[in-house]
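*Asks:* Sequence:
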Amino acid sequence: MASHCFRALFDVIEPTKFLCPRQQLKLVVDSIIWAFRYTERNVAETGLNLLLERLTNFQASEFCNQFHQTYILTTEQEVFAVLTDTFHKPGFKLHVLILQHLFCLVSSCLQALSTSGFLYSGALTQPLWD
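Residue numbers (UniProt numbering): 1 to 130.
Think of the hints as simulated: they come from the structure by calculation, not from any bench.
Here the structure is a predicted model, which means the values were calculated and not measured.
Treat the hints with care, as some may be off.
To be verified - Derived EDC-like pairs: lysine to aspartate or glutamate, alpha-carbon spacing no greater than 20 Å straight-line:
| id | residue 1 | residue 2 |
| --- | --- | --- |
| 1 | K93 | E40 |
| 2 | K89 | E62 |
| 3 | K26 | D85 |
| 4 | K89 | E78 |
| 5 | K89 | E45 |
| 6 | K93 | E76 |
| 7 | K93 | E78 |
| 8 | K93 | E45 |
| 9 | K89 | E76 |
| 10 | K26 | E78 |
| 11 | K26 | E76 |
| 12 | K26 | E62 |
| 13 | K93 | E62 |
All chains should be built: construct the whole structure from the sequences, respecting the hints.
*Replies:* Given below as structure tokens:
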């Protein structure tokens, strides 16, 4: 689903906006969070893999800024919550990969802004916070 149906989250009526209805995208994100917080190992691992793939897809899309402005803090908090929970030890490597992805995204954004004044495609082009 994450690799072949990524665009299905978005409506094609107005291609210049972040078109996925917020409730629909929030439901998808909440479902992924529910999955990786689940204590059964295969469900949690599927949720973590789906989250990592979804983050990668959003990073390369035109919706990168809107998605990360809305969900980066929640994602980090939830991943840290399961990372420090003893029930989720088997997913440690995926937790670290997800956090690395998020930290590298923010780090590359800050470096690009400070060195060149502009960002490359596929990176954040707006601040995450006001």
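*Asks:* Does each hint fit the structure? Answer for all of them.
*Replies:* For each hint, the structure was consulted:
1. For the proposed pair K93 and E40, the alpha carbon gap of about 16 Å is at most 20 Å, so the pair holds.
2. Taking the CA atoms of K89 and E62, the gap is about 34 Å. The hint is violated against a cut of 20 Å.
3. Between the alpha carbons of K26 and D85 the distance comes to roughly 24 Å, so the proposed pair goes past 20 Å and is violated.
4. A hinted pair counts as satisfied when its Cα atoms are at most 20 Å apart, and K89 with E78 qualifies at roughly 14 Å.
5. Of the pairs offered as hints, the one joining K89 and E45 holds, with about 11 Å between alpha carbons and a cut-off of 20 Å not exceeded.
6. Restraint check: the Cα-Cα separation between K93 and E76 comes to about 15 Å, which is no more than 20 Å; the hinted pair holds.
7. Between K93 and E78 the CA atoms are separated by roughly 15 Å; this keeps the pair inside 20 Å, and the hint holds.
8. For the hint pairing K93 with E45, the CA-to-CA distance comes to about 10 Å; that is within 20 Å, so the pair holds.
9. Our distance criterion of 20 Å between C-alpha atoms is met by K89 and E76, whose separation comes to about 17 Å.
10. The straight-line distance between the Cα atoms of K26 and E78 is roughly 14 Å, inside the 20 Å bound, and the hint therefore holds.
11. Under the criterion of a C-alpha separation no larger than 20 Å, the hint pairing K26 with E76 is consistent with the structure, at around 15 Å.
12. Straight-line distance between C-alpha atoms of K26 and E62 comes to about 18 Å, which keeps the hinted pair within the 20 Å bound.
13. Among the hinted pairs, K93 with E62 is inconsistent with the structure: their alpha-carbon atoms are about 28 Å apart, more than 20 Å.
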